Amino acid sequence: MRLALLLAAAAAIAAVPVFFEDSYWRANLTICAINVMLAIGLDFILGYAGQLNLGHSAFYGIGAYASTLLIMKLDTPFWMAFALAMALSGVAGMALSIFAVRLRGHYLAIASLGFAVIVHQVLLNWISVTQGPLGIYAIKPPPAIALPGLPVIAFSNPANMFYLVAGFALLFYLLLDQLARSPIGETLTAIREDEVSAASLGINCAAWKVFAFGVGAAVAGAAGAFYASFVGTLVPDAFIITESFTILAMVILGGMGTLIGPVLGAIVLTILPELLRGFGDLRLVLYGFALMLAVLFMPGGMAQAARLARALCGRVLRAQVPG
Amino acid sequence: MTPNVAAKAVANDGWRAPDGVLFRGECLNKSFGGVHAVRDISLDITQGSVFAIIGPNGAGKSTLLNLMSGIYQPDRGAMRLEGVDLVGLPAYRRVRLGLGRTFQKIRLFKHLTVLENVLAGFHVHHRIPAWQYIVHARVFQRDYARCRDEAMRLLEFVGLTPRAATPAASLAYGEQRMLELARALATAPRLLLIDEPAAGLNAAEVEKLLDRIGRLRARGMTIVVVEHNMDLVMQIADRVLVMDYGQYLFEGSPAEVQASPAVIAAYLGD
Amino acid sequence: MSTVILQQGINGIVFGSLYVLVALGLTLIYGVLVQINFAHADVVTLGAFAAYFFTFVFGGNYLVSIGVALVVGAALGWLVNAAIFAPLRERGSELLPLIATIGASILLQNAMLIWFGPIPYAFDSPYSNAVLRLWGGTYITWQNLIIIGVSTLTIAMLYAFMKLTYMGKALRAVAQDRETAGLMGIDPNKLIMLTFVIASALAGMGGAMLGPILVLTPFAGTTVIVKAFAIVIIGGFGNVEGTIIAGLLVGLIESYTTQLVNPGLTDIVVFTLLLAMLALRPTGLIAEKREENV
Ligand SMILES: Nc1ncnc2c1ncn2[C@@H]1O[C@H](COP(=O)(O)OP(=O)(O)O)[C@@H](O)[C@H]1O
Ligand SMILES: [Mg+2]
Chain A
0 MRLALLLAAA
10 AAIAAVPVFF
20 EDSYWRANLT
30 ICAINVMLAI
40 GLDFILGYAG
50 QLNLGHSAFY
60 GIGAYASTLL
70 IMKLDTPFWM
80 AFALAMALSG
90 VAGMALSIFA
100 VRLRGHYLAI
110 ASLGFAVIVH
120 QVLLNWISVT
130 QGPLGIYAIK
140 PPPAIALPGL
150 PVIAFSNPAN
160 MFYLVAGFAL
170 LFYLLLDQLA
180 RSPIGETLTA
190 IREDEVSAAS
200 LGINCAAWKV
210 FAFGVGAAVA
220 GAAGAFYASF
230 VGTLVPDAFI
240 ITESFTILAM
250 VILGGMGTLI
260 GPVLGAIVLT
270 ILPELLRGFG
280 DLRLVLYGFA
290 LMLAVLFMPG
300 GMAQAARLAR
310 ALCGRVLRAQ
320 VPG
Chain L
0 MTPNVAAKAV
10 ANDGWRAPDG
20 VLFRGECLNK
30 SFGGVHAVRD
40 ISLDITQGSV
50 FAIIGPNGAG
60 KSTLLNLMSG
70 IYQPDRGAMR
80 LEGVDLVGLP
90 AYRRVRLGLG
100 RTFQKIRLFK
110 HLTVLENVLA
120 GFHVHHRIPA
130 WQYIVHARVF
140 QRDYARCRDE
150 AMRLLEFVGL
160 TPRAATPAAS
170 LAYGEQRMLE
180 LARALATAPR
190 LLLIDEPAAG
200 LNAAEVEKLL
210 DRIGRLRARG
220 MTIVVVEHNM
230 DLVMQIADRV
240 LVMDYGQYLF
250 EGSPAEVQAS
260 PAVIAAYLGD
Chain E
0 MSTVILQQGI
10 NGIVFGSLYV
20 LVALGLTLIY
30 GVLVQINFAH
40 ADVVTLGAFA
50 AYFFTFVFGG
60 NYLVSIGVAL
70 VVGAALGWLV
80 NAAIFAPLRE
90 RGSELLPLIA
100 TIGASILLQN
110 AMLIWFGPIP
120 YAFDSPYSNA
130 VLRLWGGTYI
140 TWQNLIIIGV
150 STLTIAMLYA
160 FMKLTYMGKA
170 LRAVAQDRET
180 AGLMGIDPNK
190 LIMLTFVIAS
200 ALAGMGGAML
210 GPILVLTPFA
220 GTTVIVKAFA
230 IVIIGGFGNV
240 EGTIIAGLLV
250 GLIESYTTQL
260 VNPGLTDIVV
270 FTLLLAMLAL
280 RPTGLIAEKR
290 EENV
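As you go down the protein sequences, you meet chains A, L and E in turn. If you read the first sequence in numbering that gives the first Met the number 0, its first letter stands for residue 0, the second for the next number, and so on. If you read the second sequence in numbering that gives the first Met the number 0, its first letter stands for residue 0, the second for the next number, and so on. If you read the third sequence in numbering that gives the first Met the number 0, its first letter stands for residue 0, the second for the next number, and so on.
To be clear, the hints were calculated from the coordinates, so they are not data collected in a lab. What you are looking at is a predicted structure, and each value in this text was computed from that prediction instead of being measured. Hints should not be assumed to be uniformly reliable.
Below, in silico cross-link-like pairs of lysine to any residue (SDA-like), each with a Cα-Cα straight-line distance of 25 Å or less [as the list claims (entries may be wrong)]:
hint, chain 1, residue 1, chain 2, residue 2
1, L, K109, A, F296
2, L, K104, A, N203
3, L, K109, A, A206
4, L, K104, A, L102
5, L, K109, A, V284
6, L, K104, E, G66
Using C-beta positions, here's what the derived DEER-type ranges look like [claimed, not checked]:
hint, chain 1, residue 1, chain 2, residue 2, range
7, E, Y165, L, A264, 35 to 45 Å
8, L, Y266, A, V90, 57 to 67 Å
9, L, P55, E, L264, 40 to 50 Å
10, E, G91, L, A254, 43 to 53 Å
Positions of the beta carbon are idealized from the N, C-alpha and C atoms, including for glycine.
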C-alpha cells in the first residue's frame, strides 16, 4: 500500500512537467515542491511535537541566504553549501527551541514571531553582507550533473530543476514519515498532547523539542537553498513573517499531525491562487476565509475531510449490500 | 539505567536502606505561596507492599505524590528510591529508576487511541539503533512487534482490549482511569503511584480495580494509593498514612487507623 | 545633545502611549480568555481608515473621528468574538483560535486592499503642524499632545472602570481565576464580549491616532501588532500595569534607537529585548512565578 503510494507519487512527479509545458507553470511546480518541504518541516514541529512555531519563515530565510552567501562569497561548492545551510537552519531551530523548552503555547508563538522579525530585520540591515533591500542577483542554479554514458543533466532547464527539488521533497517526506511511524512519532505526539503525562512516562520533553525543531528547521533550510538557486534572486521580503502564516495555512488546511495533509495543503495553496489569478486580490480574501472556515468546521483539514469521505463511502456501500 | 543515574547510585552507596524499604522520604515540605501543602512528612515504603495515603480533600496527598514522582521539587526534605537520591531529579529521569504514576485529574493523550496511549509508555524501553528509526530494519521490527504485543497484554489486563482503536477521549470515565493505569504499567515501574483511582467509578469498576491492584502486588510490585474512600483502603492497604492540613496525623495498619481517635475526629470533623 | 535626548523622550512617550492602547486590548483579551487575537492588527488599521474617511471624505472633525474609530473598533471586536472565539471556546485549544484569527487577518487585510488600494494614504491631521514650544528648545505638536492626552485619559478611565465598577472587578476576577467567573453571578459570555468590545475600541482609537504617524496602508496594523505582542509579553501577559510600563519603555527604546543608533535597528533591539525577557523572566516585568496545579 505504502509502496504503491510512493510509486504513484514518483510517477506523478515524473509526469507533471510533461503536462505543463509553459515555463510559467513549470516555475510554479518547483515553488510548489519547495512549499511542500516547508509545510512538512513545520508540521513536524507543530503537528507532531505540538510546538506553536510562527517563525518558520526565519529558517527558510537562513537556509536561502546561508547557501547563497557561502557560494557567492566563499566559493563553496553548491552541495556543500546546501548541506551547511541545512545544518545552520537546524541549529537556528534548536536555538529557538530553547524558548520552547522554557515556555508554553502562546509565549512560544510570540517568541518565534519575534525571532522571525529579528532575522528579517537583520537580512534587511546587514547591508555589507546581504545587500539589504537591494537583494542579491544572478544566483546560479545547482551545477549540472554529468553521469558517464548519460546526457548531462543541467538544472538551468526548469523541468530538471523541478525533478531535483521534487525528488528532495519526496526524500524528506519519506524521512519524516519514517520518523513519525517510529516510536519517535509516539514520543512527539505524547509531548503535544500533555507534557506532564509525557514526563511521567520518562520522556525528556526538552530534548525532544530540540530534536523536532532541529529537524523541521533543517528541512526549511533545504527549501531555502533550493529557492535561492531556483529563483536566482534573493530579497529579505521573501522571508517576511507573513510567509510563516502562509506556510501555517498550508499545514492547517492540509491537516496537521499527518504528513500527507500538509503535502496536499502546500500543493493546493500554491496552485489554487494561480488558478484564481483572474479574481485579483479577492483570491487572498478567499484564502483567509478558507483558513477561518477550516479551523471552525474542519480543524483536521483535508486529511480529516478525506477520512470523513472514506467513512461515508464505506457506509453507503455497506448499506447497498443486502443482508 | 543511564550512566548518570548509575553514578549517582554509586555516590550514595553510604546510605543503606533498612531491610526491604524501597522508598524513604524524610521531612518533606512543599508550599504554594501561603499554602503549606505538605509539612514535615516522612514515610518508609516497604518493598512489595500496598501503602495507602488518606486524608480529607486538600490534605496534601496529591502534592506528596507529585513530590515523589518529581512533578514538584520539595522545598525541604530528602527522598531516596533504593539509595538513589531523588531530590533535584526531574520527573522523566525518575521513570528510568522505576517510578510510575497515574493522575487524579485524568491526563490521557486525548487525541491518541487507547493503544497509542499505552505504546507511548514504552518510551524508556526501546533499544533500537539510531539508523533504524529511518530504515525500519530487523531490530526495529522486532521492537515494534514486541511493544504491540505487550501493549495488548496490558489492555487485556485492564479490560480494554475491544477499545484498542478508540480515541482515549471517547472512553467512559471508568475506562479512562483503567487506561491511565495501563499506560503507567507500560513503563514497568517497581514503585507505582496511583492517585484516587476509584474516584468516579461504580461498584463493579471498583471491584475490578481492587482485583487488579491485588494482582500487581502479587507480582511483587510496590504500590502507593492515594484514596479518600476509607472502606477501599481498608481492603487493600498493608499500611496507611493519614494526612490532614498537609501534616502527619497517623500511620499504622488499617485496623490501627480505624481505631485511632485522632483519625476519627479528623474525618468526622470534616 | 540634551535637547535631542529630551525631544526623543517626548516622541518616545507619544509612540509608547499609542502602543499601550493597542497592547492593553491584547492583554485584556488574554487575561480573560488566554487567547491571542491576531485580528487586533486589523482593528487598528480599520480604526485608522475610519478616522481618515471621516475627516477627509466626510469633512468631520479629527477629534470626533477618534470617537468614530472607537465605535468602528468596538463593532469589529464584537464580530471577531462572535465569529471566532465564541464558537471555538468549547474546544479549549490554544492553537485553533490563534490560527483562525490569522485567517481573519488575511481576509480583512485583503478586503481592505480591494477597497482602499495599496497606495499609502496621506493622513495629515490638522493638528500635526501646530507646534507648542516647550523648555530648552524642545517642542511638541498639538497632534502629539492630543495623543498623550487622549491616551492618558482613556487609560485612566479604563483603570477606574477595572478598579471601581462591579463589572470591572468581575473582569479582573476572571482574569485571575477563570473558575470564579460563574461564582460572581455574571454570565462569562457577556464578560468576554465586553472585554472584546473594550479591547477593540482601544485599538480602534489607537488606529485613529496612529494613522497620521504610520504609513497608512491595509497592512499598517501588522507592524504595530507584532510590537504590541512584544509589549504584552515584556509587561507580563494579562498584566495591565506591566503593559503600560512596557509600552512606554518600548516607545522610548524605539525613539532613542532611531535617533542615536540607526532607524533600521529599532525592531532588532525591541525583539532582542523580548527574547531576552522571555529567556530570563518569562512571566513579565512584575509578576510572580506559579506552578501548574496537577
Ligand atoms: N500547584 C499548586 N498551586 C497552588 N496551590 C496548590 C497547588 N497544588 C496544590 N495546591 C494546594 O495545596 C493543598 C493540597 O492540595 P492537594 O495535594 O491536591 O490535596 P489532596 O490531594 O489531598 O486533596 C490545597 O490547598 C491546594 O489548593
Ligand atoms: Mg488529590
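Here is how each hint holds up against the structure:
A distance of roughly 19 Å separates the Cα atoms of K109 of chain L and F296 of chain A; the hinted pair therefore holds under the 25 Å criterion. Restraint check for K104 of chain L and N203 of chain A: satisfied, since their Cα atoms lie roughly 22 Å apart, inside the 25 Å limit. Among the hinted pairs, K109 of chain L with A206 of chain A is consistent with the structure: their alpha-carbon atoms are about 23 Å apart, no more than 25 Å. A hinted pair counts as satisfied when its Cα atoms are at most 25 Å apart, and K104 of chain L with L102 of chain A qualifies at roughly 23 Å.
Restraint check: the Cα-Cα separation between K109 of chain L and V284 of chain A comes to about 34 Å, which exceeds 25 Å; the hinted pair is violated. With a CA separation close to 48 Å, the supplied pair K104 of chain L and G66 of chain E exceeds the 25 Å bound. Distance hint check: the CB atoms of Y165 of chain E and A264 of chain L are about 42 Å apart, consistent with the given range 35 to 45 Å. Against the hinted window of 57 to 67 Å, the Cβ-Cβ separation of Y266 of chain L and V90 of chain A comes to about 59 Å, which satisfies the hint.
Checking the proposed 40 to 50 Å range against P55 of chain L and L264 of chain E shows it is violated: the Cβ atoms sit about 60 Å from each other. Here the CB-CB span from G91 of chain E to A254 of chain L is close to 45 Å, well matched to the stated 43 to 53 Å.
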